[in-house]
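Protein chains: 4
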Amino acid sequence: MEEGLDRLARPFIHRLRVRYAECDMQGVVFNSHYLVYFDAALTELWREALGGYRLMLDQDIDLVVAEAHLRYKSAARFEDELTVEMTITHLGETSIVSEYSIGCDGTPLVDGMTRHVTVSRDTLKKTPIPGWMRSGLEPWVSSGR
Amino acid sequence: MEEGLDRLARPFIHRLRVRYAECDMQGVVFNSHYLVYFDAALTELWREALGGYRLMLDQDIDLVVAEAHLRYKSAARFEDELTVEMTITHLGETSIVSEYSIGCDGTPLVDGMTRHVTVSRDTLKKTPIPGWMRSGLEPWVSSGR
Amino acid sequence: MEEGLDRLARPFIHRLRVRYAECDMQGVVFNSHYLVYFDAALTELWREALGGYRLMLDQDIDLVVAEAHLRYKSAARFEDELTVEMTITHLGETSIVSEYSIGCDGTPLVDGMTRHVTVSRDTLKKTPIPGWMRSGLEPWVSSGR
Amino acid sequence: MEEGLDRLARPFIHRLRVRYAECDMQGVVFNSHYLVYFDAALTELWREALGGYRLMLDQDIDLVVAEAHLRYKSAARFEDELTVEMTITHLGETSIVSEYSIGCDGTPLVDGMTRHVTVSRDTLKKTPIPGWMRSGLEPWVSSGR
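Protein sequence lines, in the order shown, are assigned to chains A, W, L and Z.
Going by our numbering, the letters in the first sequence line up with residues 1 to 145, in that order.
Going by our numbering, the letters in the second sequence line up with residues 1 to 145, in that order.
Going by our numbering, the letters in the third sequence line up with residues 1 to 145, in that order.
Going by our numbering, the letters in the fourth sequence line up with residues 1 to 145, in that order.
Chain A extracted, bound-state conformation:
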């Protein structure tokens, strides 16, 4: 699929500015905040692909995180403008695996992965990814790097 091939070369990109409150005594972003940055990128991809995370919630679908992995290569600093590249690498029956690569001015800083599970918003029990959601996300699915 042409669109899919295109996405392989062009992952979803979210830009953000590092806030003062996110930096610790070492003058760098504290390690936990990168998970917030991953989540902010996912929210933006969801808006692009599905019209917004809240629209998904309105359909009684929510996401819970089952797994996360981070590799810290270099530190982001206050006022740095970061790019969060995000690619969905697996869309299973109820699971969504995403890969992230955070950089600044071409320098790679943090790589990571999350595995989400789709649940009913009401019951928080696993529920299959609905068709409308799968087709909305599919253009952003890469077969991995």
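No lab work stands behind these hints: they were computed from the structure.
Mixed in with the good hints, there may be bad ones.
Same chains, same names: a pair is fine if it fits in one copy or spans any two.
Keeping only pairs whose Cα atoms sit at most 20 Å apart, straight-line, the calculated SDA-like set for lysine to any residue is [to be verified]:
{"#": "1", "residue 1": "K125", "residue 2": "L63"}
{"#": "2", "residue 1": "K126", "residue 2": "A66"}
{"#": "3", "residue 1": "K73", "residue 2": "K125"}
{"#": "4", "residue 1": "K73", "residue 2": "P128"}
{"#": "5", "residue 1": "K126", "residue 2": "A75"}
{"#": "6", "residue 1": "K73", "residue 2": "S120"}
{"#": "7", "residue 1": "K73", "residue 2": "M113"}
{"#": "8", "residue 1": "K126", "residue 2": "Q26"}
{"#": "9", "residue 1": "K126", "residue 2": "E93"}
{"#": "10", "residue 1": "K126", "residue 2": "P108"}
{"#": "11", "residue 1": "K126", "residue 2": "S95"}
Given the structure of chain A, go ahead and fit chains W, L and Z onto it with the hints provided.
Below, chains W, L and Z without anything else, positioned relative to chain A:
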């Protein structure tokens, strides 16, 4: 009331240890976290006075913050063990005014105030403080300093 | 001064999107995060006025917060795009008073004030606002609303 | 070594209470906060083993996180009292691998791993774990589970 008089001299005290993630590039607690410390003290006072914040939620009562004020006198540092002193200074029809004083080893660090409003948990609309809640909190109400 | 008059009508504006991690069990932004939003606006105003907060640090000047006040009128929600309007209302010898007004789609949400003190970055002791900093900030100073 | 064997059966335990501000719209602890909980446990282990993280800083040694991994099994909720079990599973030349297991009332919630690297506090460059630090930490090193 003897218990009330007693409370005047002895405000509710919550102790906590400053976390690394709460300290900024200046090596001190970032200013917003003191509102989290105030809130942690309120949760503990609620547990003592009412059996827990969640019990209040179960009765369809929740709190929203209407106002907050903070005066920063001196800085808390990583690993400092802080005492958060909290006194309720006003219990209105739907409003609860609390005063806080955070210190470390006898040094005053941050003073503050919050005004909460009681709301229905479902509708988030104002609702009067119920009798069981008022009588649970009353022993902790001081007429101010 | 024409430029000053202009600023009275047009405060500094910073736009940001509410993150999932900033919302609490009530589905609204937790009260402490507004202080982070205030700070993010200040960082952006500093960039516009002085070329960046880090440039100020390089001149051995830093800011500490001495006081903060917040009035919560209405709640911001996940994915809301907020505007933070910021005006400096007082530039003293060593103090900077700023007022903030956060809104969403024309609805006012949170008003607030901070008072910062300029300190030596090394010693964290009070130091007068240097001339280059005062002249950089002056166009953004309003005499209050 | 008897002490070491003892540690295998009894990892370091840090207890903490979930704060309201740490819970998200799902009513559970947002995923990034578990990294803060891991870090809080490390701080406490450091105090027990070395007299405090700040004492290590005074010796010009600091830690940076190189990798983190989390598996989320079940959700922690507001007011839950959590136990964070921490074991050091590897003390290398410059690296410290730790494993964590967070639970509540016997229910496992989140498992995780961090790999830290020892650096000079001044230069943030890698530096070998000093002898006094290694011998202080060794009683807490397990050969893995």
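Hint by hint, here is what the structure shows:
1. With identical chains, the CA atoms of K125 and L63 are at most 20 Å apart within one copy only, with a shortest distance of 10 Å there and 29 Å across copies.
2. For the homomeric pair K126 and A66, the shortest alpha-carbon distance inside one copy (11 Å) is at most 20 Å, but the shortest distance between copies (32 Å) is not.
3. In this homomeric assembly, K73 and K125 come within 20 Å of each other (Cα to Cα) only across copies, at 13 Å, whereas the closest approach inside a single copy is 36 Å.
4. Taking the shortest alpha-carbon separations for K73 and P128, only the inter-copy value of 19 Å comes in at or below 20 Å, while the best intra-copy value is 35 Å.
5. For a Cα distance limit of 20 Å, the shortest separation of K126 from A75 across copies, 14 Å, qualifies, whereas the shortest one inside one copy, 36 Å, does not.
6. In this assembly of identical chains, K73 and S120 lie within 20 Å of each other by CA distance solely across copies; the values are 17 Å between and 36 Å within a copy.
7. Taking CA atoms no more than 20 Å apart as the test, K73 paired with M113 passes in both settings, with 14 Å inside one copy and 17 Å between copies.
8. Taking the shortest Cα distances, K126 and Q26 sit within 20 Å of each other only across copies (14 Å), while inside one copy they are farther apart (40 Å).
9. In this homomeric assembly, K126 and E93 come within 20 Å of each other (Cα to Cα) only inside a single copy, at 10 Å, whereas the closest approach across copies is 43 Å.
10. Proximity of K126 and P108 under a CA criterion of 20 Å is satisfied inter-copy only: 19 Å between copies versus 35 Å inside one chain copy.
11. Taking the shortest Cα distances, K126 and S95 sit within 20 Å of each other inside one copy (9 Å), while across copies they are farther apart (38 Å).
In the structure shown, no violation is registered for any of the earlier numbered hints.
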